[in-house]
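Novice: Modelling step: build the complete structure from the supplied sequences, incorporating the hints.
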Amino acid sequence: MRLLPFILRRGGRLWCLASTVARASAPALTIAALAPMTGCDRRSVQVYEVPKEPGLNRTLMAGMVPVPASVPITWTKPAGWEEQAPGEMRQGSFLAHGPDNATADVSVTAFPGAAGGLESNLNRWRGQVGLPPLSGDELQQAARPITADRVPGLLVDYAAPDGSKEPSRILGAVFQTPEQAWFVKMTGPRAWLEAQQETFTAFVQSLRFRPAAPEPEGDGTNADVNLAGRPKSTNER
Amino acid sequence: MNVKTCLRPLASLKLTIVCLTCAMVLVFVGTLDQVHIGIFEAQNRYFKSLFLYAPVPGTPFSLPWFPGGYLVGSVLLANLIAAHVARFKFAWKKAGILILHAGLILLLVGQLCTSLFQVESQLRLDEGQAKTYSESPYFDELAIVDKGLPDRDRVISVPDSMLRPGREIPLPGEGLKLVVNDFYPNSALVSPTRLPSPSYPHLTLGPMAVAVPLPKTYKQDERNVATTAVTLVDHGRPVGSWSLSTGFPQPVSLKIGQEPFQMTLQPQRYYRPFSIELLKFRHDRYAGTDIARNFSSQIRLVDNGRRENRESVIYMNHPLRYAGLSFYQAGFDNNDHTTVLQVVQNPSWLVPYISCGLLVAGLLLQFGMHLFNFSRKQVAR
Chain A
6 MRLLPFILRR GGRLWCLAST VARASAPALT IAALAPMTGC DRRSVQVYEV
56 PKEPGLNRTL MAGMVPVPAS VPITWTKPAG WEEQAPGEMR QGSFLAHGPD
106 NATADVSVTA FPGAAGGLES NLNRWRGQVG LPPLSGDELQ QAARPITADR
156 VPGLLVDYAA PDGSKEPSRI LGAVFQTPEQ AWFVKMTGPR AWLEAQQETF
206 TAFVQSLRFR PAAPEPEGDG TNADVNLAGR PKSTNER
Chain B
2 MNVKTCLRPL ASLKLTIVCL TCAMVLVFVG TLDQVHIGIF EAQNRYFKSL
52 FLYAPVPGTP FSLPWFPGGY LVGSVLLANL IAAHVARFKF AWKKAGILIL
102 HAGLILLLVG QLCTSLFQVE SQLRLDEGQA KTYSESPYFD ELAIVDKGLP
152 DRDRVISVPD SMLRPGREIP LPGEGLKLVV NDFYPNSALV SPTRLPSPSY
202 PHLTLGPMAV AVPLPKTYKQ DERNVATTAV TLVDHGRPVG SWSLSTGFPQ
252 PVSLKIGQEP FQMTLQPQRY YRPFSIELLK FRHDRYAGTD IARNFSSQIR
302 LVDNGRRENR ESVIYMNHPL RYAGLSFYQA GFDNNDHTTV LQVVQNPSWL
352 VPYISCGLLV AGLLLQFGMH LFNFSRKQVA R
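Those sequence lines, one after another, are chains A and B. The opening position of the first sequence corresponds to residue 6 in our numbering, with each subsequent residue numbered one higher. The opening position of the second sequence corresponds to residue 2 in our numbering, with each subsequent residue numbered one higher.
Derived from the structure by calculation, the hints contain no laboratory data. Certain hints may be false.
Mimicking SDA-like on lysine to any residue, the simulated pairs with C-alpha atoms at most 20 Å apart in a straight line are [what the hints assert, rightly or not]:
id: 1; chain 1: A; residue 1: Lys-57; chain 2: B; residue 2: Asp-304
id: 2; chain 1: A; residue 1: Lys-237; chain 2: A; residue 2: Thr-206
id: 3; chain 1: A; residue 1: Lys-57; chain 2: B; residue 2: Pro-261
Specialist: The structure is reproduced here in structure tokens:
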């Protein structure tokens with residue numbers, strides 16, 4: 006006769022019932038003793054202290070622009086775009102020069118909360134190129150979903166109707182983080198924006214949001230929210 | 002009955018054959034299933050387990066149907082040790098075999114230690130960015146951060162495995178507890194207008210996103226996006242309720258009493274007493290082609306405690322080893338401006354090298370002695 010351990014699993018836990026009618030044998034007892042160990046979750050609530058982000062030693066390379074901890078967004082500037090000094094309202098400002106003196110203006114702005122709501126802001130953009138306003142549902146249907154830094158947003162493309170005096174177009178992206186609404190807007194001639202569509206999308210996807218610093222001493226542990234996404238493996242050739 | 006007699010059944014060669022056969026079956030089935038469930042889940046189910054389980058239809062239970070890697074490995078180890086004890090007779094002629102088997106035992110023990118104690122995480126850095134922590138590619142944590150301290154943050158980390166709907170988790174700190182209202186191990190973030198109906202299960206994350214539950218993904222190139230709805234309770238009074246998602250990792254700010262806090266659901270973090278900054282990532286290609294030739298990350302390591310401040314280059318098969326950690330080049334992103342380093346903490350990383358050395362020494366000694374005896378006999382003829 007041998008000891009017969011009955012082992013059942015439910016959820017992440019193991020239930021071990023050893024038969025008492027059988028004669029114990031050393032190996033089986035060992036198994037019975039080990040079985041519940043694998044059912045136990047070794048992870049538990051932990052408490053630890055970490056330095057606030059400014060405690061890090063950041064070394065700047067030649068040519069790198071220091072980014073203060075209070076700047077809540079970073080990006081990768083596309084080649085060919087000319088960076089402008091950010092204005093009072095603008096977190097980022099660029100000019101994209103194209104053929105035949107075509108120039109597109111790119112702005113990155115942020116406003117606290119929902120900044121008046123998605124509907125009114127997108128309809129304001131539509132009005133700027135002479136398009137009629139749409140309802141909230143229609144606006145959502147006409148937009149393309151996009152994510153930047155894993156924050157879901159909307160990508161829109163509004164072109165002025167044919168016959169407009171000044172043919173122009175707006176490529177835009179809107180994101181809502183818990184504290185701020187973000188607007189990325191590219192305005193310029195139709196044909197030049199058509200050629201810039203992919204560049205604009207890549208720029209939007211390169212955005213990295215950080216929460217606005219709630220305290221003057223700067224952002225802390227959770228400030229850096231650059232989450233591992235789906236990077237390419239160096240094993241893929 | 003002495004010890005040797007007792008150990009004879011455990012030292013049986015038949016048991017060795019059964020264990021080796023089981024190990025072969027495990028490797029075969031596990032490798033096939035890896036296609037569907039990915040390497041991490043396959044390792045957990047087939048090799049880092051005592052049994053393989055099959056669900057019992059109509060019940061929440063599952064029953065073991067085949068020994069798992071831990072059981073097969075443990076029995077094989079016990080079998081090997083018992084065989085040595087039961088049949089141990091020291092003779093110079095058998096020194097090679099003894100060393101060989103010592104190497105095998107060490108290999109098995111080392112593998113067990115690796116699977117129990119190895120921690121793997123990833124360090125994702127944009128150029129110019131420095132971090133003092135790496136993140137788990139598999140596990141998440143709900144981090145409640147006390148922002149009220151002057152120069153440090155106090156983090157209460159609740160692992161995702163504890164976030165089961167309906168569970169009340171007491172937190173360190175008087176009278177504080179977390180109530181889990183809902184938890185999706187994997188979810189998709191969609192626009193609220195895309196919900197099939199308002200009653201479709203979802204958690205609202207903001208005006209432009211809701212999370213809908215999805216089956217867990219096991220694909221190599223995908224990560225589960227966990228979403229949870231929690232209520233924080235302070236001395237029996239609710240502080241507030243929030244929906245949090247790893248796909249939307251912006252922390253929410255809140256106050257407990259007068260203390261400012263932040264809460265976020267994020268990949269499990271492993272903090273280190275040093276920082277690593279990415280200075281430059283290089284993705285070299287063969288001239289005139291798009292075929293990758295080399296990936297390398299030039300980093301700066303700063304450890305004020307050890308007065309370390311130096312640059313290092315990490316590239317394929319050339320990891321950085323520091324403070325018991327190995328940093329391997331693993332991936333890249335963001336138009337070659339972001340690097341992903343695999344961070345491996347394995348206290349028993351030397352054991353396989355030592356055991357392989359023992360195996361080679363044992364084989365050389367054993368066959369060397371045979372060769373020596375053979376040559377001697379040939380000369381004597």
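Novice: Please flag the earlier hints that this structure goes against, numbers listed from lowest up.
Specialist: none
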